[in-house]
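K.L.:
Chain by chain, the residues run as shown.
Protein chains: 2
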Amino acid sequence: MIPNNVAALVFDTFGTLVDWRGSLIQELSQFGAARGLANIDWVAFTDAWRAGYQPAMEPIRKGERGFTKLDILHRETLDRLVKKFNITGLSESDLEHLNRGWHRLKPWPDVVPGMKRLKTKFIIGPLSNGNTSLLLNMSKHGGIPWDMVLGSDALRAYKPMPEAYLGMANFLDLPPIRVMLVAAHNGDLAAARKSGLSTGFMPRPHEYGLNANRDIAPTDAWDVVGTDLQDIARQLGV
Amino acid sequence: MIPNNVAALVFDTFGTLVDWRGSLIQELSQFGAARGLANIDWVAFTDAWRAGYQPAMEPIRKGERGFTKLDILHRETLDRLVKKFNITGLSESDLEHLNRGWHRLKPWPDVVPGMKRLKTKFIIGPLSNGNTSLLLNMSKHGGIPWDMVLGSDALRAYKPMPEAYLGMANFLDLPPIRVMLVAAHNGDLAAARKSGLSTGFMPRPHEYGLNANRDIAPTDAWDVVGTDLQDIARQLGV
Chain X
1 MIPNNVAALV FDTFGTLVDW RGSLIQELSQ FGAARGLANI DWVAFTDAWR AGYQPAMEPI
61 RKGERGFTKL DILHRETLDR LVKKFNITGL SESDLEHLNR GWHRLKPWPD VVPGMKRLKT
121 KFIIGPLSNG NTSLLLNMSK HGGIPWDMVL GSDALRAYKP MPEAYLGMAN FLDLPPIRVM
181 LVAAHNGDLA AARKSGLSTG FMPRPHEYGL NANRDIAPTD AWDVVGTDLQ DIARQLGV
Chain U
1 MIPNNVAALV FDTFGTLVDW RGSLIQELSQ FGAARGLANI DWVAFTDAWR AGYQPAMEPI
61 RKGERGFTKL DILHRETLDR LVKKFNITGL SESDLEHLNR GWHRLKPWPD VVPGMKRLKT
121 KFIIGPLSNG NTSLLLNMSK HGGIPWDMVL GSDALRAYKP MPEAYLGMAN FLDLPPIRVM
181 LVAAHNGDLA AARKSGLSTG FMPRPHEYGL NANRDIAPTD AWDVVGTDLQ DIARQLGV
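For the protein sequence lines, the chains are X and U, in the order given. Those letters in the first sequence? Residues 1 to 238, per this note's numbering, in order. Those letters in the second sequence? Residues 1 to 238, per this note's numbering, in order.
If you're looking for bench data, these hints aren't it; they were derived computationally from the structure. One or more hints might be untrue.
As the list makes no split between identical chains, a pair holds if one copy fits it or if it spans any two.
To be verified - Think about it this way: if two alpha-carbon atoms lie no more than 25 Å apart in a straight line, the pair counts; the simulated DMTMM-like pairs of lysine to aspartate or glutamate are:
no., residue 1, residue 2
1, LYS140, ASP231
2, LYS106, ASP173
3, LYS140, ASP110
4, LYS121, ASP71
5, LYS121, GLU27
6, LYS121, GLU96
7, LYS194, GLU58
8, LYS106, ASP19
9, LYS69, GLU163
10, LYS69, GLU58
11, LYS69, GLU96
12, LYS106, ASP228
13, LYS106, GLU76
Fair warning: this is a prediction, and the values are worked out from it, not measured in the lab.
Take these sequences, add in the hints, and give me the full structure.
P.N.:
So this is what it looks like as structure tokens:
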């Protein structure tokens, strides 16, 4: 059943809204070609970078490390991978440029038109592990018309910590049920529901490549299940 | 001199962007008329409400009280004034409605067109003592096309505390000089400059009424001085 008093829609970003894998593979390949970095497997590099994502946040979730922005965690993983892939000759400014590739990820084709529709009826913003500047630069770059951007550095928590979901509801001054998380990841939605948020699912079957099979279908009865953001908008009566 | 590498413009809101006084006087008068509350001086009521603003934040700035959202401070002052003006018969829901009048303040006429221009070249957002939900609801209500909304509850500080200005630069991951505060209040700009931000001034001579004379001219050589937001946009080359 679609909750009829939802006031704000908040969105997972990496994978749900932007094609991090395709965007980074393209950026890194172009950079590598321009710099004559031959024989680097940029697809493997990209997948390894993303594979470092959850483990990098884990000490922070456990309280073993103070809150640290995702940009810094991305950079730590990047530095490790540059060594591992035997990439040489990169300056500090090159590394910063590559790291900010995460600020330039491209939205899936349905995202900008879907958001323009949803924005007419709902407050829209990200609920992401990205830091505010990353999410803001991404939206300016890709044309996502957010009403507000509160990154994980405003929430001081990484999903799926309850503090992330409840902190967002608190910033919005809304009861959690009036805030709907829209995500392509069942685990994220399960954690949101546990904190009392409404839930919307749409699959991104190609997030991990054409042959991936993670999260291609809902694993629970989420409040809304759509094929993409335009379909979610239609179901929410926009 | 206009700094040529400013990336983000952040704005004082109450007075600079929205006509809090005119908006509240109108709301309160209409509410009073509808409820048959005769003989209440709503102009005096509005001015008294605003007069409670700075004193309410002062214990928080001094560290004598934990951070408390502006909505709560507004409500505490409202409750006091309702007694003082001998207003009776208001329900909890009436009081909440009145308090949320601050979420419905109307922008001055140059603000929405000016922001649409500025948004094409700069990151734009509020830098206000308002809490996030107040600023967000105000922008949805009045059509201010913010890129991001980080209220004082995200900064955990009330201007003119340096933490407010520096916290914003930190969220944006920009050196303070690349962030320009635009405000109609010289004191706010002086504090921003002390923290290293760029500064833009435009007067709002009618903020406190037609015969007020606060802050009608710049008291220092701010980086940009304009007549209104359209003029600021023109001077910033948009």
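K.L.:
So, for every hint listed, does it hold in this structure?
P.N.:
We went through each hint and held it up to the structure:
no.	hint	in the structure
1	LYS140 <-> ASP231	both (24 Å within a copy, 24 Å between copies)
2	LYS106 <-> ASP173	between (31 Å within a copy, 21 Å between copies)
3	LYS140 <-> ASP110	both (17 Å within a copy, 23 Å between copies)
4	LYS121 <-> ASP71	between (32 Å within a copy, 24 Å between copies)
5	LYS121 <-> GLU27	between (35 Å within a copy, 24 Å between copies)
6	LYS121 <-> GLU96	between (38 Å within a copy, 23 Å between copies)
7	LYS194 <-> GLU58	within (20 Å within a copy, 38 Å between copies)
8	LYS106 <-> ASP19	within (6 Å within a copy, 38 Å between copies)
9	LYS69 <-> GLU163	both (16 Å within a copy, 18 Å between copies)
10	LYS69 <-> GLU58	within (13 Å within a copy, 31 Å between copies)
11	LYS69 <-> GLU96	within (14 Å within a copy, 36 Å between copies)
12	LYS106 <-> ASP228	within (16 Å within a copy, 36 Å between copies)
13	LYS106 <-> GLU76	within (23 Å within a copy, 46 Å between copies)
Going down the numbered hints, you'll see the structure goes against none, and every one checks out.
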